[in-house]
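> Residue numbering for the sequence shown follows UniProt numbering, beginning at 1 and increasing consecutively.
Honestly, the hints are just simulated from the structure, not real lab data. Ideal placement from N, C-alpha and C gives every residue a C-beta, glycine not left out. One should not assume that every hint holds.
Simulated DEER-style distance windows between Cβ atoms [said to hold, decoys possible]: (1) Val135 to Glu113: 14 to 24 Å; (2) Pro60 to Ala122: 38 to 48 Å; (3) Trp132 to Leu186: 52 to 62 Å; (4) Leu139 to Ala26: 33 to 43 Å; (5) Lys18 to Thr136: 27 to 37 Å; (6) Pro7 to Gly45: 42 to 52 Å; (7) Thr83 to Leu196: 31 to 41 Å; (8) Ala218 to Val135: 49 to 59 Å; (9) Leu196 to Glu174: 20 to 30 Å; (10) Arg124 to Leu54: 24 to 34 Å; (11) Leu54 to Pro77: 17 to 27 Å; (12) Phe33 to Leu78: 18 to 28 Å; (13) Leu78 to Leu196: 37 to 47 Å; (14) Pro172 to Arg124: 47 to 57 Å.
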Amino acid sequence: MTFWLGPEAQAALWLSLKVSFWATVASLPLGLFVAHALARWSFPGKQVLNGMVLLPLILPPVVTGYLLLLALGPQGPLGTIGTLFAFRWTGAALAAGVMAFPLMVRAIRLSIEAVDPKLEDAARTLGAPRAWVFVTVTLPLILPGILTGAVLAFAKAMGEFGATITFVSNIPGETRTLPTAIYTFLQVPGGEVEALKLVAVSVGVAMGALLVSEWLSARVARRIAGR
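Taking the hints into account, I'd like the entire structure generated from these sequences.
Dropping the structure here:
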């Protein structure tokens with residue numbers, strides 16, 4: 001059996017790649033900020049923020065998608081900007097980004113916590129501003145962790161189904177990503193072959209992401225050990 005994809009499956013794959021890329025890129029600055037705040041700062045409501053970050057991992061994805069629909073729907077409190085996302089690929093990217101955000105933040109936070117705070121304190125005692133210390137000291141040390149978080153977030157976004165289909169439906173060429181395309185093919189007689197091809201692609205992407213993240217994690221461990 002050839003794994004050459006048909007036009008509809010190809011469209012779903014390329015759309016998934018676009019959605020996952022922008023979901024990862026758009027959420028990375030916020031993920032870095034939140035991870036740094038959770039790892040280094042003490043402030044009221046820190047545990048609440050941590051719980052909100054991790055909540056998409058615990059809630060059923062359909063619930064997350066429904067909450068997005070309530071917030072960004074025509075009658076929602078953010079309905080004025082909801083037109084930018086409703087039934088569009090940008091909405092699929094938003095849903096995928098929300099679901100992938102906890103994995104990104106967790107990976108970056110662990111990387112920041114592995115950095116010895118004394119290194120940052122030493123730089124500040126020499127008169128360097130906090131922002132400059134972060135850019136010149138912390139950021140180079142946590143770069144593998146940032147890449148790990150980005151890779152895991154990308155893979156998670158590629159596999160997101162429940163929140164996406166609930167928030168932006170399953171529109172061919174617009175919001176039909178790889179998981180929703182698999183679901184669609186399984187509902188059509190004779191669609192099992194195309195579905196199996198996309199399953200193979202999904203497994204390949206997921207395994208590739210895990211291998212890359214493990215390799216980056218090993219680099220972090222070697223750097224911490226000074227080897």
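> Which hint numbers doesn't this structure obey?
As far as the earlier hints go, 4 and 8 are violated by this structure, in ascending order.
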